[in-house]
Amino acid sequence: MKSEPDLFGIDDLKNRPGRTEPWDGVRNYQARNYIRDELKKGDLAFFYHSNCKIPGIVGVMAVADSPSPDTTAFNKSSKYYDPKSDPASPRWLQVTMRYKRKLKRTITLEELRSHKVLGKMKLLQRGNRLSIMPVTSKEWEYILTLE
DNA sequence: GCCAACGTTGGC
DNA sequence: GCCAACGTTGGC
1 MKSEPDLFGI DDLKNRPGRT EPWDGVRNYQ ARNYIRDELK KGDLAFFYHS
51 NCKIPGIVGV MAVADSPSPD TTAFNKSSKY YDPKSDPASP RWLQVTMRYK
101 RKLKRTITLE ELRSHKVLGK MKLLQRGNRL SIMPVTSKEW EYILTLE
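Going by this note's numbering, 79 is the number at position 79 of the first sequence; the sequence numbering is gapless.
Hints may contain errors.
What the hints assert, rightly or not - In silico DSSO-like links for lysine-lysine, alpha-carbon gap of 27 Å or less:
1) K138 with K100
2) K100 with K14
3) K53 with K84
To be verified - Per label pair, the in silico range of CB-to-CB distance:
4) A88 with K41: 41 to 49 Å
5) V117 with R91: 32 to 40 Å
6) S77 with G42: 30 to 38 Å
7) R101 with L124: 33 to 41 Å
8) K14 with D43: 12 to 20 Å
9) K138 with K79: 35 to 43 Å
Keep in mind the hints are simulated off the structure, nothing from the lab. For glycine and all other residues, C-beta sits at the position ideal for the given N, C-alpha and C.
With the hints as extra help, turn the sequences into a complete structure.
Written as structure tokens, this is what we have:
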């Protein structure tokens, strides 16, 4: 799961009360579908810093609840307001994420790209812009051995 | 700051 | 339904 450290980084999550944060504002259908279909309470996720000097994986977090409607879509004063999301049939979903730990070091995008076995990772696919995407268990375990 | 890649919008 | 125009993402 990507986030821009200038806006909300791993330390921001760590410093939140309860070390949790609602992951709202996702406005991409594919990412929405991953929230809806793939995320279960207790699942682990990498925290990825994007759009910054050294993009890469910086930590581990966990899904803290079940997916629920993203109510920022109904809030006219929210930057995530979406008039097409009907409260009776919410278009966008969110999930709460809980801080687990920081990696001992950042595993940079550049480093991830240098490992041939990770070549199929969604994150590394050309042109990928998804903010939420699956990691296979093999990829997960391999990446943690790099730490 | 540039720009490739991608998603969305809206005219037709 | 097509596709040009536009907006966004995000690495570099």
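Comparing the hints with the structure gives:
no., hint, in the structure
1, K138 with K100, "holds, 20 Å"
2, K100 with K14, "holds, 8 Å"
3, K53 with K84, "violated, 35 Å"
4, A88 with K41: 41 to 49 Å, "violated, 25 Å"
5, V117 with R91: 32 to 40 Å, "holds, 37 Å"
6, S77 with G42: 30 to 38 Å, "holds, 33 Å"
7, R101 with L124: 33 to 41 Å, "violated, 23 Å"
8, K14 with D43: 12 to 20 Å, "holds, 19 Å"
9, K138 with K79: 35 to 43 Å, "holds, 37 Å"
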